[in-house]
Structures are given as C-alpha cells and as structure tokens.
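Asker: Okay, here's what each chain looks like letter by letter:
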Amino acid sequence: MEKIILLTLEHLGLSTIGVLFGIAVGLPLGIMITRRRKLAGLVVGTTEMLQTIPSLAMLALLMMWLGLGNSTLIIALFLYSLLPIVRNTYTGLVNVDTGLIEAGRGMGMTRLQVLRLVQLPLALPVILAGIRVALITAIGVATIGTLIGAGGLGELIWLGMKNIETSKGVNMLFSGAIPAALLAIACELGLERLEKALTPRGLRVSPESMKN
Amino acid sequence: MIIMGPVEWLFDFWQFLEFYSDSVINATVRHLTLSFGAILAGIFVAVPLGILIANRAKLARVFLSITSIVQTIPTLAFLALVLPLLGVGVLPALVVLFLYSLLPILRNTYTGIRNIDAAYLEAGLGMGMNSRQLLFMVKLPLALPVIIAGIRLSTVYIISWATLSALIGAGGLGDLILTGIQTYDLNFILAGTIPTAVLALLAGSLINRLELSLTPRGLRTQG
Amino acid sequence: MVKFSHVTRKYGNTVAVKDLNLKIAGNEFVVLIGPSGCGKTTTLKMVNRLINPTSGTIEVMGKNIQDLNPVTLRREIGYVIQQVGLFPNMTIAENIGVVPHLLGWDKNKSRKRAAALLTMVGMDPETYMDRYPTELSGGQQQRIGVLRALAADPPLILMDEPFGALDPITRETLQDEFKRLQTELHKTIIFVTHDIDEALKLADRIVIMRAGEVVQDATPEELLRHPADDFVAAFLGKDRLSNQELQVAQVMLENPVKAYPEMGMAEGLALMKRKKVDTVLITDHGGRFLGSVSVDEVNAKHRSFNTLGEIVDQDTPAIEKTAAAKDAFNRINEEKLPYLPVIDEKGLLVGIVTRNNMVNALASVVWGDHNGSS
Ligand SMILES: Nc1ncnc2c1ncn2[C@@H]1O[C@H](COP(=O)(O)OP(=O)(O)O)[C@@H](O)[C@H]1O
Ligand SMILES: [Mg+2]
Chain G
1 MEKIILLTLE
11 HLGLSTIGVL
21 FGIAVGLPLG
31 IMITRRRKLA
41 GLVVGTTEML
51 QTIPSLAMLA
61 LLMMWLGLGN
71 STLIIALFLY
81 SLLPIVRNTY
91 TGLVNVDTGL
101 IEAGRGMGMT
111 RLQVLRLVQL
121 PLALPVILAG
131 IRVALITAIG
141 VATIGTLIGA
151 GGLGELIWLG
161 MKNIETSKGV
171 NMLFSGAIPA
181 ALLAIACELG
191 LERLEKALTP
201 RGLRVSPESM
211 KN
Chain F
1 MIIMGPVEWL
11 FDFWQFLEFY
21 SDSVINATVR
31 HLTLSFGAIL
41 AGIFVAVPLG
51 ILIANRAKLA
61 RVFLSITSIV
71 QTIPTLAFLA
81 LVLPLLGVGV
91 LPALVVLFLY
101 SLLPILRNTY
111 TGIRNIDAAY
121 LEAGLGMGMN
131 SRQLLFMVKL
141 PLALPVIIAG
151 IRLSTVYIIS
161 WATLSALIGA
171 GGLGDLILTG
181 IQTYDLNFIL
191 AGTIPTAVLA
201 LLAGSLINRL
211 ELSLTPRGLR
221 TQG
Chain S
1 MVKFSHVTRK
11 YGNTVAVKDL
21 NLKIAGNEFV
31 VLIGPSGCGK
41 TTTLKMVNRL
51 INPTSGTIEV
61 MGKNIQDLNP
71 VTLRREIGYV
81 IQQVGLFPNM
91 TIAENIGVVP
101 HLLGWDKNKS
111 RKRAAALLTM
121 VGMDPETYMD
131 RYPTELSGGQ
141 QQRIGVLRAL
151 AADPPLILMD
161 EPFGALDPIT
171 RETLQDEFKR
181 LQTELHKTII
191 FVTHDIDEAL
201 KLADRIVIMR
211 AGEVVQDATP
221 EELLRHPADD
231 FVAAFLGKDR
241 LSNQELQVAQ
251 VMLENPVKAY
261 PEMGMAEGLA
271 LMKRKKVDTV
281 LITDHGGRFL
291 GSVSVDEVNA
301 KHRSFNTLGE
311 IVDQDTPAIE
321 KTAAAKDAFN
331 RINEEKLPYL
341 PVIDEKGLLV
351 GIVTRNNMVN
361 ALASVVWGDH
371 NGSS
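Protein chains in written order, with our numbering: chain G, 1 to 212; chain F, 1 to 223; chain S, 1 to 374.
Since the hints were derived computationally from the structure, they do not count as laboratory data. Check each hint, because a few of them may be wrong.
[To be verified] Keeping only pairs whose Cα atoms sit at most 20 angstroms apart, straight-line, the calculated SDA-like set for lysine to any residue is:
1. 196(G) - 131(S)
2. 196(G) - 68(F)
3. 162(G) - 22(F)
4. 162(G) - 87(F)
5. 168(G) - 84(F)
6. 107(S) - 116(G)
7. 45(S) - 15(S)
8. 301(S) - 261(S)
9. 3(S) - 26(S)
10. 187(S) - 219(S)
11. 109(S) - 129(S)
12. 3(S) - 23(S)
13. 168(G) - 81(F)
14. 45(S) - 162(G)
15. 162(G) - 89(F)
16. 58(F) - 111(F)
17. 45(S) - 168(G)
18. 107(S) - 113(G)
19. 326(S) - 261(S)
20. 276(S) - 354(S)
21. 107(S) - 128(S)
22. 162(G) - 90(F)
Start from the sequences and build out the full structure, keeping to the hints where you can.
Answerer: The structure is reproduced here in structure tokens:
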C-alpha cells in the first residue's frame, strides 16, 4: 500500500515537473507570439507536430538520443505539454476584446500593464484549461515511462500485465492501473474546479445575463 | 548506436526495411484494422447517441461528462483494466480504442446539431417536415461538417494511440517500436514510427477531403 | 487646450485626416461630426497618441505631444469609447479607479473618489461599488465608462461615440445627465458622434468633417442659420433648417374657404355655414386674391346687395408665403387679426394663417416637431 502511494506521488511529481517546464517555456512563448503574429503559425504548427508523434515513439526516440531514465520522460512530458499551453495562452490573449485593450491603452496603461491587468486575468481560464490538458496528457504518457526506465505507476501495470496469468500479477496490475486512472480523473476534476474558482467573478455568467 | 553518415544510414535503414518488410506490412495492416475498427464502431455509436442527446440537456450532460472522464484515463491503465475481463489480444485493444473515439464524435455531433440556426428548423417544420425528415433533410446535412471534424480528430488520435495496443499483445506498429525500445534499435523504432505518422497524416487529409465534398455547397467558405 | 497644426494622417494611400487645423479652448465642448470614415476617430486618437500623425503637430496644454511620453499623456486625458470597455474582471469601483491606480493613488482614496462619482450620477455607491460590469445595464455601464474617464479629474476628455450603442431613450437620458455634469465640471471635451441631434444638444462648437477635412466649424446656432454648403445642409436635414427660419408657407393652411365675386349672398352664407367659418376669401377666376367677406357683413348687407363681390373688403391684410412665420405671428398679434390670407409673389391666394394654426406651429418649434425627421 505504502509503495502504491509512493509510486502515485512519484507519478504525479514526474508529470507535474514536465508540465511546469511546459509552463515555464510555453507561457512566455504564447505571450510572445501575440506580439509577433507571423511567428504564431510556425510555433503552434511545430508544437502541433510534436503532439502527433505517438507517445511510445516519442519515448523511444528520446531514449535513443538521451538514454534511459526519469529525465528523458520529463523531456517527453515537457514537449507534449507545449501545445496546449502555448495554444491556449495565445488564443486566450488574442481573444480578449480589442475594445478592452484599447480602453486600457487609452487610459495610459503600458503594454505590460495591459497584459498584467487586463489580458492575463481575462485569459486565465483558457490558459488554465490548457494546463489541465497538459497535465492529463502527462499523467497518461508517464504510465509508459517505465518502458524507458522511468518511475511512476507504469511499473506496476507493466509487471502486472506480464504476469496476468497469476493472481499476484492481476493484483499488481490493478494496484497500478486504478491509482493511475483515479489520479488522472482527480486532476481533471480538481483543475476544472480551480479554473472555475479562478475565473474572474465578472466573467462568470450572471443570472441576469442568462435571461437574454 | 554506431555513428553513420546520413547516406549510409538511409541505405542501412532501407536494407532493414527490405529484410523486415513482411513484419512492417503485417503490423501496418493490423494497425489499420484496429484503428478503423474502433473508429467505425465509434461512429456507429456516437453519432446516433449525439443526435439522441441533442434535444435532451440533462442526458447530454451525463453522457458528455462520462465520455470526457473516460478520455482522461491513461491509455495504458485503461488497457490494463480491461485485460482481466477480456483477456490479452485484439479485443481489449479494440474496446479501449473504441471508447476513446467516442468523445470527440459525440461532442461534435451534439454541438453540431445544437448550433443549427433555429430559423432553419422552423422553416423545415413550417413546411410540414416530420421529425425524421427534419433530421435527415436539415439537421444532419447542416451539422455534417462539424461531425466529420470530430471524426477526423478521433481518427488521428486513435491511430496514434493504437501504438499502445502492442503493450497488451494486440500487435500493430507499436510492436516494432516496442521491439526497438527493448533492443535499443533505432531502425525498429523508425519502422514503427514513420508508418504511424504517415497513416495519421493520410487519414487526416482524406477525411478533410471527404469533409469538403460532403459540406453542403452553400456552406463552403470561399477562397 | 488642444491645437492641431497642419495635421495629416495617412494609411497607405488613404488620407484619413488631411491638413487639419483646429484650436480648442479650455472648457470648450467641441463635437466632431461627419459620415462614417471621415476621420473623426483618427483625429480623436491622435490627441492621446493612440495614433501618431503622419505630419503636423498637436499641442495639448501648450506642449507638443510628440515630446511627451504617451503613457503619461494618456493618464492626464480622459477617454471614453463606444464599446464602453469596462474591464469585466474588475468591480465597478476598480474600473473607476484604474487611472488613479496607475497614478499610484492609495486604494482608500480611489474608492472614495469612485463613491463620490457614483453619487454624482445618482447611483448608490453601496449598491454598485462592488458589482461587476456584467451585472449592470448598458446605460449604467456607459455611465461608469464616463465616470472612469473623470476619475483622476483630467482637464481634457476624449469621447468616441460614447452613447452610440445605447437605445434612444437611454441615450437621451445620458446626454442630459452628461450635459448637466459638464456645466458643473467645466472640462474641455472633444466628442465624436455621427448623430447631429446629439451634436446640437451638447456642443458649444460643432466641427463637421468630410473625407478627412473640416467642412464647417461653427456654433450650433451659426450652423443652423448658415450651413456652409449643401453637404452640411443635407447633414443637418431640411426640416431642422426650416424650423429655425420658419416660413409662412410652412405653417399656413392650404385650401382656405374661398369664393368668386359673383357668388350670391345667400349662397355665400350657406357656404360659411357648411364650412363652419365666419369669413370667406374672394379670388378672381385666375386665383388672384381680392379681399374677404365676413359673416357679419353678409348678414348686415344682404338686403342691399346681391353678390359677395359688391361687399368685399379690399383692404384685407395679406402676407406673402415666403415671409417669416415670425412676422405673420407678430402681425396677427399686434393688429389683432383673426387670420392672415397668404399670397404668392403673383398675388395668387395660396393659403391662410389663423391664430390657431400659428400657435400649433409655434409649439412645434419650441418643443420640437414630433412628426419631423428627428
Ligand atoms: N488602421 C487603419 N488602417 C487603414 N485605414 C484606416 C485605419 N484606421 C482608419 N482607417 C481609414 O481612415 C479613414 C478614417 O477612419 P476613422 O477615423 O476611423 O473614421 P470615423 O471615425 O470618422 O468613422 C477611413 O477611411 C478608414 O478606412
Ligand atoms: Mg469612428
């Protein structure tokens, strides 16, 4: 039991680290390409291409290049999390009503102030949704990390599947697969909640405006 | 891995493919069977279901949240969970891929129909269409582009995820990648990866084309 | 306060604003008006440097704005736009307090300021301070948009069709309210609109633009009296022009009760009875006005005379149809006339002005013509 908890935490940790790297790179990248619209297509296109590489293939290729271990997995998770974070940051910022941006600038906000006071708060729910997708993807990819010698719950699942004929194998399989599934579902629901909580109150649909 | 120049490497890879051509072809066929089997089943279930829930908000919420929860379950965990029930092999892979394919198709069918301008429906009803005629003459043709977009999304993802069915002994191109990982052999990895990518790209653009030809002419955007 | 000198702004080949020269004094309420695309917004945005001129200079409060930091400049100029642009992530108090915040006021001070401003437009601060924009009606939102521009008490305010998106009733309420505010606050205001009624109502001075150029720059009064050209006249609308210099032809009743001189006395009496009038106007067969016959005359003289032509009062005063309605009114009043026949330049009878229809015409000038174009 203790081992399961530890592996679950390790699984979450690896996924989170990958996504944090994704945020550290993807968020500024997403902001930057709103200023250089010509780059936007290229950047989003590249991250989209990364996304379509099957996870097994991505891990295999990275393994050939970087060897076995957690850091290779983390790099794969980082690469996968780029698309949802970059794309959602970009669209979230770009979709902020131009009238609001003009109002902000007209009132004497600097570009940075417009970003901080207007654009980012309004884009926050969309950016968070991107982070949620990234984390769920990461948790999924991390389960096969065991194939390239990384940690996490995949190890239990993999060993269990190899010994599926034995009841010990079935137990092991369940003790890996069930926490992995629950972890993903919990993260999904938890982050969804967080998105709602962090949505600026004025953006939530009010009872009045629903009447229309 | 031995460091080689690109030309030597290409030659080496070509030789490898020639030698293993049967395995590559078999794996590709298996991969296609798995993916399209899952997608077809997904279409047959999700499209009618989407139509059914389009007018039932509560039911829609239930089905959409169930399928989106299913979507979050890690593929390997999901495959593993159905193993004890369905055994090793093609069947569990098909079932899992089928379940994954549901969400995009269901969601797009639902929103495609929901977003039809009420004026068209009213016009249809006003001309005396019954609900079946309204569905086949108005709703489906107008929602079709959105539904097909959902099918394309599902297809591209399923082709990619089908690589993982190798992990439960269902074969497919993932088998080659897995062998590559276990033997540390780039040739095997590429022999699995490249056809997978090509299949996903081909399927995506084929469906794009299908979407274009099935879009009612009046709805196509110019240019 | 603001001075444009030879300001031109081009977008590629289109000249949005062409060699603009304009001086706006302190406390002046200037309205820029003209058809869509004539360069109003461009002119306005050049003042707070959201747009830079291609050539020429703009001075604000005596300083060339090209030498000023645009951000600092904008914080000293209020700005209201049609889309309102309230930040949906901020409360009403926070929205009003944006510029104070940018200027580094402390939170308490800017909340107090927001409360004072809300009170000024009759919105209870307790109720509204902590609401979000979506919880307000469109009219209330634009009120806040205006208050937000006033928050840091800037001497100059730019407004780009601020009431343009509102329904007509709300728009009028806000115009009235804003006019009242202006008489209390004495700001310099540059206000863009394409609604001439709004311009006439609010402006001290109206600048009419067309294709990037000023066509006329005048007070509302001057503009109505002497539109510079047909374009301006068309822009003002015909009815409005004639309302100011109302002519007799526009207030008279056509088809007065009339008769030829040969009409018999009894017939004349019957006519007056039937038409419920106490006077008939007499014309010859060419329609030329000859005079009038009253019911009293007929009653008094029907034994001695046979036809109306014999007793017609040839000194009946008449007025030309091109005369000012004001003159007709004055004569009716001063000469205690019950009516005035209206003749054209050839002396032909074309209508009549009575006390009664004069009053109606007057009322429509004073209180506005509700059947007119506005
Ligand atoms: N950013 C822009 N790029 C190109 N042309 C513009 C731009 N902004 C305005 N224009 C052109 O300049 C002219 C004046 O525009 P504007 O000042 O917005 O007019 P108004 O506010 O009077 O409707 C128009 O012909 C418009 O098309
Ligand atoms: Mg404009």
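Asker: Does each hint hold? Answer for all of them.
Answerer: For each hint, the structure was consulted:
{"no.": "1", "hint": "196(G) - 131(S)", "verdict": "holds, 18 angstroms"}
{"no.": "2", "hint": "196(G) - 68(F)", "verdict": "holds, 17 angstroms"}
{"no.": "3", "hint": "162(G) - 22(F)", "verdict": "violated, 26 angstroms"}
{"no.": "4", "hint": "162(G) - 87(F)", "verdict": "holds, 12 angstroms"}
{"no.": "5", "hint": "168(G) - 84(F)", "verdict": "holds, 12 angstroms"}
{"no.": "6", "hint": "107(S) - 116(G)", "verdict": "holds, 18 angstroms"}
{"no.": "7", "hint": "45(S) - 15(S)", "verdict": "holds, 15 angstroms"}
{"no.": "8", "hint": "301(S) - 261(S)", "verdict": "holds, 15 angstroms"}
{"no.": "9", "hint": "3(S) - 26(S)", "verdict": "holds, 11 angstroms"}
{"no.": "10", "hint": "187(S) - 219(S)", "verdict": "holds, 18 angstroms"}
{"no.": "11", "hint": "109(S) - 129(S)", "verdict": "holds, 14 angstroms"}
{"no.": "12", "hint": "3(S) - 23(S)", "verdict": "holds, 4 angstroms"}
{"no.": "13", "hint": "168(G) - 81(F)", "verdict": "holds, 15 angstroms"}
{"no.": "14", "hint": "45(S) - 162(G)", "verdict": "violated, 71 angstroms"}
{"no.": "15", "hint": "162(G) - 89(F)", "verdict": "holds, 13 angstroms"}
{"no.": "16", "hint": "58(F) - 111(F)", "verdict": "holds, 14 angstroms"}
{"no.": "17", "hint": "45(S) - 168(G)", "verdict": "violated, 75 angstroms"}
{"no.": "18", "hint": "107(S) - 113(G)", "verdict": "holds, 17 angstroms"}
{"no.": "19", "hint": "326(S) - 261(S)", "verdict": "violated, 31 angstroms"}
{"no.": "20", "hint": "276(S) - 354(S)", "verdict": "holds, 14 angstroms"}
{"no.": "21", "hint": "107(S) - 128(S)", "verdict": "holds, 17 angstroms"}
{"no.": "22", "hint": "162(G) - 90(F)", "verdict": "holds, 16 angstroms"}
Hint compliance for this structure: hints 3, 14, 17 and 19 are broken, all remaining hints hold.
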